[in-house]
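J.: Below are the chains, spelled out letter by letter.
There are 2 protein chains.
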Amino acid sequence: MKKAGRLPVNFKVILEGEEEVGSEHLGPYVKAHAGDLAADVVLISDSEMFDRGVPSLCYGLRGLTYMQIDLRGTKGDLHSGQYGGAVANPANMLAHIIAQLRDKSGNIKIPGFYDDVRALREEERAEFRRLPFDEKAVKKQLGAPRLAGERGYSMLERMWARPTLDVNASCRAGRARAARRSSRHGDGQGQHAVGAEPASREDRRAVRGLREEDRAEDGRSEGDAPARRVSLDDGLRQRLRAGSRRALEKGFGKRPVFTREGGSIPIVTDFQAALNVPVVLFGFGLPDDNLHAPNEKFNLDNFFNGVLASAFLYQEIAEARG
Amino acid sequence: MKKAGRLPVNFKVILEGEEEVGSEHLGPYVKAHAGDLAADVVLISDSEMFDRGVPSLCYGLRGLTYMQIDLRGTKGDLHSGQYGGAVANPANMLAHIIAQLRDKSGNIKIPGFYDDVRALREEERAEFRRLPFDEKAVKKQLGAPRLAGERGYSMLERMWARPTLDVNASCRAGRARAARRSSRHGDGQGQHAVGAEPASREDRRAVRGLREEDRAEDGRSEGDAPARRVSLDDGLRQRLRAGSRRALEKGFGKRPVFTREGGSIPIVTDFQAALNVPVVLFGFGLPDDNLHAPNEKFNLDNFFNGVLASAFLYQEIAEARG
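Read top to bottom, the protein sequences are chains X and Z. Under the numbering used here, the residues of the first sequence are numbered 1 to 322, in order. Under the numbering used here, the residues of the second sequence are numbered 1 to 322, in order.
The reader is advised that the hints may include incorrect statements.
To be verified - In silico DMTMM-like pairs for lysine to aspartate or glutamate, Cα to Cα no more than 25 Å straight-line: (1) Z:Lys297 x Z:Asp77; (2) X:Lys75 x Z:Asp289; (3) Z:Lys140 x X:Asp134; (4) X:Lys75 x Z:Asp40; (5) X:Lys254 x X:Glu127; (6) Z:Lys140 x Z:Glu122; (7) X:Lys250 x X:Asp70; (8) Z:Lys250 x Z:Glu19; (9) X:Lys139 x Z:Asp77; (10) X:Lys297 x X:Glu124; (11) X:Lys109 x Z:Glu249; (12) Z:Lys75 x X:Asp166; (13) X:Lys75 x Z:Glu135; (14) Z:Lys75 x X:Asp288; (15) Z:Lys297 x Z:Asp103; (16) X:Lys139 x Z:Asp166; (17) X:Lys75 x Z:Asp77; (18) Z:Lys109 x X:Asp51; (19) X:Lys75 x Z:Glu20; (20) X:Lys75 x Z:Glu157; (21) Z:Lys75 x X:Asp134; (22) Z:Lys297 x X:Asp77; (23) Z:Lys75 x X:Glu127.
To be clear, the hints were calculated from the coordinates, so they are not data collected in a lab.
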């Protein structure tokens, strides 16, 4: 605006405040207003840079499924002195169920869990290896006594592309126990896989004495989302990729790297489905921003350079769509 | 008093309100005032009857030890999208630790855990079998889909005499997880056994990636107590046993049964140690009183018959001490 007196493209701006509680209303809204929202490109600033001073273009996200395991034991709460040792304790049994979902190294044991995960291409793995990522330094920065995870993959591959299974919360109400588990799933992996029967017949015997329900959340509450990888194949998408790269380089004075991310942005898929246009992820977070944790922050350099890069990007988008 | 115009024995009455939070102050108080409290017999009404209309003399209690497992992962909370799959999740690891403490049937796998537990005498087991206890009816009453526990023991034996290991609470503070576990230990079993190293070398590898502390509570907070079985060998104790039996029979119009209990009354041991006198457990709770649970109750028949039986007991005590 300052230089040319006008914007190089038209804008339709959507602000939402529900992303952290699953974007429950944005999906249906976008679908219902697909006509009003018609556009050439969707631009989302919710991804992060590889590191301080390293502008990044994110081309892949993991998906997300939340499941809840509910266990109910007896009708009422029991005293461990009275009945301890004679009936199954849901807290003990829940530990067995959770423990059997993964082996001790972190490999997930749900049958078929990994079957549909698209393998990382060799050039991607090579590109990941070229990134200035020091596992030891990250370990130290996080204060993690040791790293852990699926065998055969680097830490970046485990974080960006390989599926996970984590217990995020557990709670109890006396006789009952529930655990919420989430799976970040990999490219190509269906949501059905992560919710698959967790157990062999032998494993199911572990929970004898308790009613078990392992159920997916209804609908898409709490951010269920399929994994997503931006297709780089058609002409517009290729021009956008090149344009985004130039815009970042101008904004930050440095050539950007290509990255994927382990997180999930459910609305990416909704926009693509409703509007059938490319989505550009153009974000400026940092790995040490303490996402959703105490002292969350946003880096001021990234804010100002990001403003600049975005201005260049609008110009690039105008040119890319021809 | 009503019949004789005087009490047959002198009373020293102690009322405490801390039993459910571990009787932290009563033990030291009794020790410090052992002289003032000197007595021939200690009488405690904190045990229960075998069933409605079945007066009972309890001669054994399980002990109790609380332990806490603390796990700390990284310095700060991590986002499962950012780091999921790359570092160990304390919630997952805690499940592994808890699961490895017991096998799927409920047998406890801590090495040496059962070593010192005094075996049930054959006559005790026979007496237990004669009690009108219907496992199926209890299962139904509790609403338990299935019973569970140590192999080779009846439900009564598992409830009254065999040691347990239960998770009673778990909580999380983002990067850290803690579980409180308690063990009701059996007669003869030292508190050291239940706190023993939970893990073989292989098991310890399960928690790699996390700092683990499995520590006993300091001091005796929250009711740590050794198991206790009343010795029936000396003369006074034998007379008290016979007298208690007669008093219950007069109060309830029915011959009492001999029982043990799975719960723990920490102060029993304190009284014995400080005063060196027999302790008589003379209580009137019922198994369906919903101890520490919603709708806890006390049966009115037991209240009135218990008053009567207690009056007879005072007379019996006067005669027993000679």
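J.: Decide, hint by hint, whether the structure agrees.
T.: Results of checking the hints against the structure:
At most 25 Å may separate the alpha-carbon atoms for a hinted pair to count; Lys297 (chain Z) and Asp77 (chain Z) exceed this at roughly 44 Å. Proposed proximity of Lys75 (chain X) and Asp289 (chain Z) is supported: the alpha carbons are some 14 Å apart, at most 25 Å. The suggested pairing of Lys140 (chain Z) with Asp134 (chain X) is violated, with an alpha-carbon distance near 59 Å, which exceeds 25 Å. Among the hinted pairs, Lys75 (chain X) with Asp40 (chain Z) is inconsistent with the structure: their alpha-carbon atoms are about 44 Å apart, more than 25 Å.
Taken as a hint, the Lys254 (chain X) and Glu127 (chain X) pair is honoured in the structure, with Cα atoms around 17 Å apart against an allowance of 25 Å. In summary, the hint linking Lys140 (chain Z) to Glu122 (chain Z) is not supported, as the alpha carbons are separated by about 29 Å, beyond the 25 Å threshold. Taken as a hint, the Lys250 (chain X) and Asp70 (chain X) pair is broken in the structure, with Cα atoms around 52 Å apart against an allowance of 25 Å. For a cut-off of 25 Å, the pair hint linking Lys250 (chain Z) to Glu19 (chain Z) is broken: about 30 Å separates their Cα positions.
Between the alpha carbons of Lys139 (chain X) and Asp77 (chain Z) the distance comes to roughly 14 Å, so the proposed pair stays at or under 25 Å and holds. A threshold of 25 Å between alpha carbons decides the hint, and for Lys297 (chain X) with Glu124 (chain X) the separation of about 30 Å lies outside it, so the pair is violated. Between Lys109 (chain X) and Glu249 (chain Z) the CA atoms are separated by roughly 60 Å; this puts the pair beyond 25 Å, and the hint is violated. About 18 Å separates the Cα atoms of Lys75 (chain Z) and Asp166 (chain X), which keeps this hinted pair within 25 Å; it holds.
For the hint linking Lys75 (chain X) to Glu135 (chain Z), the alpha-carbon distance of about 16 Å falls within 25 Å, and the restraint holds. A hinted pair counts as satisfied when its Cα atoms are at most 25 Å apart, and Lys75 (chain Z) with Asp288 (chain X) qualifies at roughly 12 Å. Between Lys297 (chain Z) and Asp103 (chain Z), the direct Cα distance comes to roughly 35 Å. Violation of the 25 Å bound is thereby established for this hinted pair. Taking the CA atoms of Lys139 (chain X) and Asp166 (chain Z), the gap is about 34 Å. The hint is violated against a cut of 25 Å.
The hinted pair formed by Lys75 (chain X) and Asp77 (chain Z) fails the criterion: a straight-line CA distance of about 36 Å is larger than 25 Å. As the CA atoms of Lys109 (chain Z) and Asp51 (chain X) are separated by approximately 46 Å, the hinted pair breaks the 25 Å bound. Taking the CA atoms of Lys75 (chain X) and Glu20 (chain Z), the gap is near 23 Å; set against the 25 Å cutoff, the hint holds. Of the supplied pair hints, the one linking Lys75 (chain X) and Glu157 (chain Z) holds, its CA atoms being roughly 22 Å apart against a limit of 25 Å.
In summary, the hint linking Lys75 (chain Z) to Asp134 (chain X) is supported, as the alpha carbons are separated by about 18 Å, within the 25 Å threshold. Taken as a hint, the Lys297 (chain Z) and Asp77 (chain X) pair is honoured in the structure, with Cα atoms around 14 Å apart against an allowance of 25 Å. At most 25 Å may separate the alpha-carbon atoms for a hinted pair to count; Lys75 (chain Z) and Glu127 (chain X) exceed this at roughly 30 Å.
In summary, the structure is inconsistent with hints 1, 3, 4, 6, 7, 8, 10, 11, 15, 16, 17, 18 and 23 from the numbered list given earlier, while agreeing with the others.
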